[in-house]
Each structure stands twice: as structure tokens, then as C-alpha cells.
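Quick mapping for you: the protein sequence lines, in order, are chains B and H. Positions in the first sequence are counted from 1; adding 3 to them yields my numbering. Positions in the second sequence are counted from 1; adding 40 to them yields my numbering.
A couple of the hints might just be wrong.
Examples of chain B residues toward chain H, derived with CB under 10 Å [unchecked claim]:
#1 Ala164
#2 Asp166
#3 Glu194
#4 Ala267
In case anyone wonders, no lab produced these hints; they're calculated from the structure. Backbone N, C-alpha and C define an ideal beta-carbon position, used for all residues, glycine too.
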Amino acid sequence: MTPALEATGLGMRYRRTWALRDCSVAVPSGRVAALVGPNGAGKTTLLHLAVGMLAPATGEVRVFGRPVRESMERIAFLAQSKPLYAGFRVEEMLRFGRELNPRWDGAAARRRLADLGIPLDRRVGRLSGGQRTQVALTVALAKRPDLLVLDEPLADLDPLARDDVMRGLMEAVAETGLTVLLSSHVVSELEGVCDWLVVVNGGRIQVSGDIDELVAGHRLLTGPAETADALAARMPVVSRGGAGRQATMLVRDATPPLDPRWTARPVNLEETVLAYLRAPDLAALPRPSLASAR
Amino acid sequence: MIEFHLDRGSGVATYLQLVHQVRHALRLGALRPGDRLPTAKEVVAQLTINPNTVLKAYRELEREGLVVGRPGLGTFVERSLGETSMSDRVRLRAELVQWVRNGRQAGLDQEDMRALVATVLGDMFREEIA
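For reference, chain B alone in the conformation it holds in the complex (with noise of 0.2 Å):
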């Protein structure tokens, strides 16, 4: 299947400085993705080159198999800073989206701002961040796209407006099947909502594919600290810890450990993903034909 979003050889330099340099990621179509990484890590260039705000100074993006530039009517992207003017009234954002897109569905995104309660003579500048949040998703979604493209939806929403966002956006998984990628800083919460996981770190992709396929395939394992190197020496480590005695290695590898003094246990989404940020030379990346299996 022709993967939803396809970066080749990506590079982006700013003056002198790569922010990205020889990036090759792909999102499989219908996949709900999260893009991670410490701030300064180059999430947001990869997204601005992901929905061809920005040209890349090398390599090339495709989505749905097709150079960027031509897909433009497939995709929309949500900002950071939320593209909405305080002086419009709701009602006047959805006119500026009709105007604007030739695939918009106005009476969709009328029925969604009715569901959540969102008033269409408000003005935006008098919106809560939240609904805010809603009414750009609610624009975003209305372009009937089959890639959103997300930079840090929830980064500055309460608790209870990142639930009813993050459920408004499943939702429109559910009914639609588009294809989503999601920038976040906040990898606990994506755990349940996000099925493929592309991690970028100082500029290139460390990390890259099935959430559950990734998570399945680490374990902590805790045991003699005179052991430890023999272990380490049969199985990529990516993060060694412990004290005195006792030595903890989170790896990847989902056999059980032979050596009956050492426990395994399961690890989570935010373990494995702080594991491989603390070790940014570590890389964690499918074989070129997982890249677009499902």
C-alpha cells in the first residue's frame, strides 16, 4: 500500500546549521502518528516540510504518492499558534474555509460545533483555549483531508480539553480513516491513541514505527551486576542503570533471559521513548519493507 506520507533523504539547513539532515520516514496510510522529540529537535521543520510549507534543501516528500506540491488539496495542517483571527466570529471562519477549500463540508463542521456546544456568532478572540483548539480541528477537518497534520495540538490545553480533543480528533478517525501526524513533547499521553511512533532526535530519525511492535520488543531486565556485561554483550542495550549489586538494562529483545537470576518485565510507550532520547546515537528503525506494511 502507497504509504500516506513518504520523506526521502530529507534535509533542511538554516545558514549554516542542518536542523534536519538525511531524514527517510514514512507513515502508512490510515496510521495515527506521533512525531517526538526534545524541543530544538527539528519536529516542527519536519512537519512544515511534511505539508510543503517549507522546501526541503535535499531529498524529497511524497504523500499518497505523490510529490507534496501536487497533494496540497489532501492535506491539512493545524499550527502550533492555532490560525485563527480573535476578530471573526466562528461563523466568518467556517465562510473563510469555504472560500478557501474545494472539498469543504460546512454542514459537518456546522453539526461539530453544535455537538460540542461551540456558539457560531462567538467571537474566536473570546473562545477557551480548548474550544479554540475545537474550532480550528473543526476547520481543519471540514477540508475533508485525507492526511491532519498536527503541531502540538494539546500543548497548551487543561487536562480535560486535551481528552475532549484528543477524542473529537479519534472520533474523525473513526468515521473518516484519515491518516493523522501529531507533534508532542508529552509522550504519556499519547499512549492508546497513537498506533506508529517516529522519533526525531538532534535532527534525525531515531526512532521509526509500530507503537505495539516497538513496545512488545523491549524489556527491563533486572539482575547481578557481575552478570551484566556477559548480557549485554548478546542483546542491543539501550539504557543501563542500577546500583551496587543490582543492575537494570532496558533492551531490545523480547525473549526471556536464560540466566533464571535475572527478571524481565514489560515496559511502557514513555520508558522505551526517554530511553532512546537519553541515547541519541542508538537508532531503532524498520527494515525498508516494514516501513509500509500495516
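Position chain H against the provided structure of chain B, taking the given hints into account.
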């Protein structure tokens, strides 16, 4: 109808949590053949999870022959679980009591035994998790 709940950050994949909850409800008789499972959209509205995850769980249950998807209608329970007989349960319980006695004689406390049971269960059912 079953109502799902989630233990986020438990390390158990979300789709497996849903699978386990359906199996559990089948064992307890809370779900019976013919019952409809909630649609992906209903689960999403309740739990704020990815609809693909719900579909993945239902595919897994379908693969096990526990449920069947009828296009346009929903996903329905096909057969129930938990056919262990009373006598089997009584016998297994007696064996476990004997095992705990042996453990205490060997100097194990409750926590030691729990850890041991958890390790063995983890090893035996690992293919389910991996």
C-alpha cells in the same frame, strides 16, 4: 454490552487490554454468544483511544474464533469461554494449597511466592504478550 477500561502506562498494549477484558467477560458470563460488542466509534467516544486499536483487538478475537464481524451490523460474540469444570477447579486449588505449604516450609514468604508465580505465568503466557 461490555464497557472497556484502560490501564495506561501498564506496558500491556492497549489492544491486548481490550482482548483480555472481552475474554474475562466471556469467562464470567458477562458476555454471551449473540451479544454485540461496542463499535469502534462507541469505544473511541468513551475511552479516547485510537479506533485502529479497537479494530486490531476485534481482529484478534475473531482470529481466536470468539467473535465474528458482520459487515454493516457490528461485531458479535460467537462462543463463550470458561468451560473448566467444578471438579477441575477443586483439584487445581488443592494442588496450589499443597504448593504454598511446600513454599512456606522452604522459607518463602507471600511476596516471594507471588513473584515466583508471576514469573512462571509470564514465561508460560509470553507468546500471548509478544
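Quick one: which hint numbers does this structure break? Sort them smallest to largest.
1
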